[in-house]
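*Asks:* Chain residues, written in single-letter form:
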Amino acid sequence: MITVLYFARLREALGTGQEQLVLPAGVSTLRGLRAHLAQRGEAWAREMAEGRNLRAAVNQTVAAADTPLADGDEVAFFPPVTGG
Amino acid sequence: MITVLYFARLREALGTGQEQLVLPAGVSTLRGLRAHLAQRGEAWAREMAEGRNLRAAVNQTVAAADTPLADGDEVAFFPPVTGG
Amino acid sequence: MSVRVQQQDFDISAEITAMRSGNPKIGAIASFVGVVRDVNDGDSVSTMTLEHYPGMTEKSIAAIIDEARGRWEVLDALVIHRVGTLKPTDQIVLVIVASTHRGDAFAACEFIMDYLKTQAPFWKKEITPQGGRWVDARVTDDKAAERWKT
Amino acid sequence: MSVRVQQQDFDISAEITAMRSGNPKIGAIASFVGVVRDVNDGDSVSTMTLEHYPGMTEKSIAAIIDEARGRWEVLDALVIHRVGTLKPTDQIVLVIVASTHRGDAFAACEFIMDYLKTQAPFWKKEITPQGGRWVDARVTDDKAAERWKT
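Chains as they are written, first to last, in our numbering: chain A, 62 to 145; chain B, 62 to 145; chain C, 201 to 350; chain D, 201 to 350.
Simulated from the structure, these hints should not be mistaken for laboratory data.
Each hint should be verified, as a subset may be incorrect.
[Unchecked claim] The calculated PhoX-like cross-link candidates involving lysine-lysine, where the alpha carbons are at most 25 Å apart (straight line), are:
no.: 1; chain 1: D; residue 1: Lys225; chain 2: C; residue 2: Lys325
no.: 2; chain 1: C; residue 1: Lys287; chain 2: C; residue 2: Lys325
no.: 3; chain 1: D; residue 1: Lys325; chain 2: C; residue 2: Lys225
no.: 4; chain 1: D; residue 1: Lys287; chain 2: D; residue 2: Lys325
no.: 5; chain 1: C; residue 1: Lys225; chain 2: C; residue 2: Lys287
no.: 6; chain 1: C; residue 1: Lys287; chain 2: D; residue 2: Lys225
All chains should be modelled from the sequences, with the hints used to inform the complete structure.
*Replies:* Shown next as structure tokens:
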């Protein structure tokens, strides 16, 4: 099982902020997980499309697309940050 | 009459903070006033000597040695500033 | 060194007083307060909502402070960032950096603030008369952060 | 824009609150607090006395603020400088600059502070166990002020 978090505009567009899921067969990286999520339907396809300017973190550290995933990881997807 | 002010170390060394005096004959600039004051005695000669790192203001504006003086002016002599 | 993400407002005097009383070597305290403006990109803003990533946000700010400590003499530093619903003239963010000399305090404070705007996980949604709108990342903010990379 | 030279302490929160409430365009407030340190040049300092030139000091600070307003976007600015007898951990000086954006606020605040240290008529006398000593002007301070001349 991994935990996946969604923040801000992404959370609203997908209608979910957090889920637990079993790493699907053949998914071993952040890029693979994103492609997997993009197959869930229209909003997911649009928001997770490769062209979208999304950032991701693995275990609360900003992570590149080829970062490997393992059981127990906390993965987060979010738009570019706009703090302060 | 002009007003002459002395600040900080200079005020302590000269033993005065403020005086009124009539512009002496032949004194028409800040440089001239400083040379005149230097003739007053030992402390004055030492503190007003040309080699001393003194600053001056005329009418509350920092002024160069050749600044002309006129009746009614407020002249100030002081060491380099050390604020904040 | 301290990081707080909270809904409540903050009192810069109380924070500076606490910092000063803790270290008599402190000679210079630079600080920054961010305030909600009533306009952004030409639209009037009535309220905004700030969201963060609990855990990662605090960790990333602590890492930013550590990086500042590696570059400048930092005797103490504090970051408070508010989340939740805020309105114009409300305080959003506080950064305080104490050092022996003012040059270090100013540089570290501005450095931390630039990274807070560009790297720390916060997302801002503005509520205008036309509805809610998630704020886009600003190119000028990215440029401000890039200055520090050389 | 406001300049005060006073013996009393100041409250940075009260000053920032007053500034914020006066102008909803303010988005960024940079500030600086100078604090009496317990050491200087290796000697321990028990108290210090600050002297100023009443009239000229206030005018020269107002001129510094005007110069900052010509260089950066400054929505409001405040300088409070204390005089009289101060002891370690006491606040000496407060500079607050409010702007729309943080870059202008930081730059103007540091600029005003550099000039306060090097140009404004204040003289500091430190009382150490060895007696009183007028502080000499610091070469590093002059260098900080010179950065702005280009």
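*Asks:* Indicate, hint by hint, whether the structure satisfies it.
*Replies:* Do the hints match the structure? See the list:
no.: 1; hint: D:Lys225 to C:Lys325; result: 19 Å, holds
no.: 2; hint: C:Lys287 to C:Lys325; result: 12 Å, holds
no.: 3; hint: D:Lys325 to C:Lys225; result: 19 Å, holds
no.: 4; hint: D:Lys287 to D:Lys325; result: 11 Å, holds
no.: 5; hint: C:Lys225 to C:Lys287; result: 38 Å, violated
no.: 6; hint: C:Lys287 to D:Lys225; result: 13 Å, holds
In this structure, only the earlier hint numbered 5 is contradicted, and the remaining ones agree with it.
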